[in-house]
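Q: Given next are the chains, with one letter for each unit.
There are 2 protein chains.
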Amino acid sequence: MKQHLFIFFFLLIGPCGFSQADQPAVKEDFKPSTLNQPGQEYPQVNSQGYARFRIQAVAADSVGVSLGLGGKGGTKLAKTEDGYWMGTTAGPMDEGFHYYNVNIDGGKFNDPGALNFYGSVRWESGIEIPAHDQDFYALKDVPHGSVHQVLFPSESTHTSRRAFVYTPPGYEKDQSVRYPVLYLQHGWGEDETAWTNQGRANLIMDNLIAEGQIKPFLIVMTYGMTNDVKFGRIREFDVKYFQAVLVDELIPYVESNFRTIADQQHRAMAGLSMGGMETRMITMNRPEVFSHYALLSGGTYKPEDIRDKSKVKLVFLSCGSKERPDGVKSAAAALKDAGFNSVSYISEGTAHEFQTWRRSLRELAPLLFRN
Amino acid sequence: MKQHLFIFFFLLIGPCGFSQADQPAVKEDFKPSTLNQPGQEYPQVNSQGYARFRIQAVAADSVGVSLGLGGKGGTKLAKTEDGYWMGTTAGPMDEGFHYYNVNIDGGKFNDPGALNFYGSVRWESGIEIPAHDQDFYALKDVPHGSVHQVLFPSESTHTSRRAFVYTPPGYEKDQSVRYPVLYLQHGWGEDETAWTNQGRANLIMDNLIAEGQIKPFLIVMTYGMTNDVKFGRIREFDVKYFQAVLVDELIPYVESNFRTIADQQHRAMAGLSMGGMETRMITMNRPEVFSHYALLSGGTYKPEDIRDKSKVKLVFLSCGSKERPDGVKSAAAALKDAGFNSVSYISEGTAHEFQTWRRSLRELAPLLFRN
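If you read the sequences in order, they're chains A and B. Residue 218 in UniProt numbering sits at position 218 of the first sequence, with consecutive numbering throughout. Residue 256 in UniProt numbering sits at position 256 of the second sequence, with consecutive numbering throughout.
Isolated chain A (complex conformation) (with noise of 0.2 angstroms):
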């Protein structure tokens, strides 16, 4: 366990977002991002991956915002003459979705200009780098699931719990159909509004089942009780806690309040980075629950980790290209060689951020609940 922790931990402090590479000449084609709130000019994105950030704060002494230097401290901001503070990254940004915040003399503020999503157990501000890619996780006219915000009982913590549940278009109107159903988790300091706000899961979905790409599956989504272990004390995590309520409370809920089809064959589990540890432990601690694993930055299994190799359908692990790539394909190949149905997949280009997620889901779906 603690071998793979270590791996997790590496996984964990890879580059993020902020591409190394030579830095061409900035192309004064800067548009607001699409994260930005109504109306909103700023934050702004070039064709290059370059952002640029404008922050009112007239009587301040130094403003700055997180992003930028490879975690050097992120980008300095100058003030302008209309009392202003403007900046833009040294160089370009990884594509897809990044977590930012502002200092503003010493304090840690959220961009008034960008959305907050949920990340570093703070609502944080988020800009999206256009990708070569963005179609898949589009916002197309084609028809759309929903998405239900559910609150389920919850004994073991004496409360009511929130879950949100993906279903896939036509859910409401063709009473008939069953669905098979995966458990997808977020990552240490977020929660469970992650995976449709920054990962876009529900858009994903409907755009791959317009293009008849998957069979129809529901999402469940709800928060993973990370949190309440800091960040460098991860190792302390304890799952039985938050398998208690995913096993034993959220899906028999799942079960009795949605058309599932609910046996382990057609249960999937999922998560990234801390939610891929979870995915880890709690596939392993409960083989009888889930059929397909799949494992986000979040780790790897060997084949002894399994005890029971029929039972399994899928073992996919993925990770970004700036993270430790070879030690998932790597993995995925031992578990090949030992008879699993095992897929690995490299995000090209990203690191330890949501468009490495993205992607994964995207390839993972299409690989689910097949037989």
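Think of the hints as simulated: they come from the structure by calculation, not from any bench. Don't take every hint at face value.
[What the hints assert, rightly or not] Here are the in silico distance ranges between beta carbons for each label pair:
{"#": "1", "chain 1": "A", "residue 1": "108", "chain 2": "B", "residue 2": "133", "range": "30 to 38 angstroms"}
{"#": "2", "chain 1": "A", "residue 1": "130", "chain 2": "B", "residue 2": "213", "range": "48 to 56 angstroms"}
{"#": "3", "chain 1": "A", "residue 1": "80", "chain 2": "B", "residue 2": "265", "range": "32 to 40 angstroms"}
{"#": "4", "chain 1": "A", "residue 1": "130", "chain 2": "B", "residue 2": "158", "range": "37 to 45 angstroms"}
{"#": "5", "chain 1": "B", "residue 1": "141", "chain 2": "A", "residue 2": "311", "range": "34 to 42 angstroms"}
{"#": "6", "chain 1": "B", "residue 1": "73", "chain 2": "A", "residue 2": "34", "range": "34 to 42 angstroms"}
{"#": "7", "chain 1": "B", "residue 1": "230", "chain 2": "A", "residue 2": "138", "range": "57 to 65 angstroms"}
{"#": "8", "chain 1": "A", "residue 1": "80", "chain 2": "B", "residue 2": "213", "range": "43 to 51 angstroms"}
[Stated by the list, open to error] Straight-line Cα separation of at most 30 angstroms, DSSO-like style, residue types lysine-lysine; simulated pairs:
{"#": "9", "chain 1": "A", "residue 1": "31", "chain 2": "B", "residue 2": "79"}
{"#": "10", "chain 1": "B", "residue 1": "79", "chain 2": "A", "residue 2": "79"}
{"#": "11", "chain 1": "B", "residue 1": "31", "chain 2": "B", "residue 2": "108"}
{"#": "12", "chain 1": "A", "residue 1": "76", "chain 2": "B", "residue 2": "76"}
{"#": "13", "chain 1": "A", "residue 1": "79", "chain 2": "A", "residue 2": "108"}
{"#": "14", "chain 1": "A", "residue 1": "140", "chain 2": "A", "residue 2": "240"}
{"#": "15", "chain 1": "A", "residue 1": "230", "chain 2": "B", "residue 2": "76"}
[Stated by the list, open to error] Derived, one-sided and incomplete: chain A residues facing chain B with beta-carbon distance under 7 angstroms:
{"#": "16", "residue": "104"}
{"#": "17", "residue": "110"}
{"#": "18", "residue": "172"}
{"#": "19", "residue": "176"}
{"#": "20", "residue": "257"}
Because the structure is a prediction, the values reported are computed rather than measured. Glycine included, every Cβ here is placed at the ideal spot set by N, Cα and C.
Mind docking chain B on chain A? Use the hints.
A: For chain B alone, coordinates are given in the frame of chain A:
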């Protein structure tokens, strides 16, 4: 029409959130607001309704929050020795939910301790002053309905638009039951998230249903397209674009995707503030669509505004006691004299804020779809 817009404006600029009564000594029983981000100690509220703020910005020259002096500039914070800025409102706040923001050296930001809520055409910080009647919108151990996020096709605006649909407990289980529908609008500066996030409409319904006080119905909430018009120029607002989306696009979508009773007698429309103005205009323009009308701090009807009395089952008018209660009461009385089933409700001790509208929904719900 102009006369009613005038009343609408007057309602809108009533006193906001600050009780101007005698100010007792501040009790030191402050606790974190229930709307804080997970684990955040500030902002805090005490048993008298005072709010206390703490912001970290060690090198700032000036920090203040927009709440606390009845619209006269809010509360200035003072620097503490450990690099925080702290301050307490000069008096108790009105019960319930308040929007606010933080001014750091001339820039408008959110409080990193508080959750955000969409109002004033931006995501604002929110704080909850415990109310004597907070039980009716509390999260309780009762069966919970769900809130579906749907994306419905809108030809008139060339996009998929978002709506939230509350379905009562048991909706998914008993497929034989069909339900009436309340279309419920937010106010200016807000969006389709307001009625569940700030208003707790889903919890109000869950609790009323658990107590057997209402016949269950669906609630549909979508963006009223109110925010493209600047606050001071609301009389330039043209309801026809939203009316087309609501009546010609959203209602058919809801009626083909949810188990509704799809006739005029089983459709209600209500709105708060500018959403009341929309409700008034749309119910007058399209009397064949809705049978129950409700304006919450959103103007009034005169008897002659309503063309066909026989089609209208309920006219509900409400506001806070700190708004213009006499106007609401006299309008409801005139409607009653003219033979309408008219009801008025005044929320005691509250202004043009969400506590007024939470209570209004609680009062309205039992009156809907009675026969």
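Q: Tell me the numbers of any earlier hints that the structure contravenes, in ascending order.
A: 3, 4, 7, 8, 9, 14, 15 and 19
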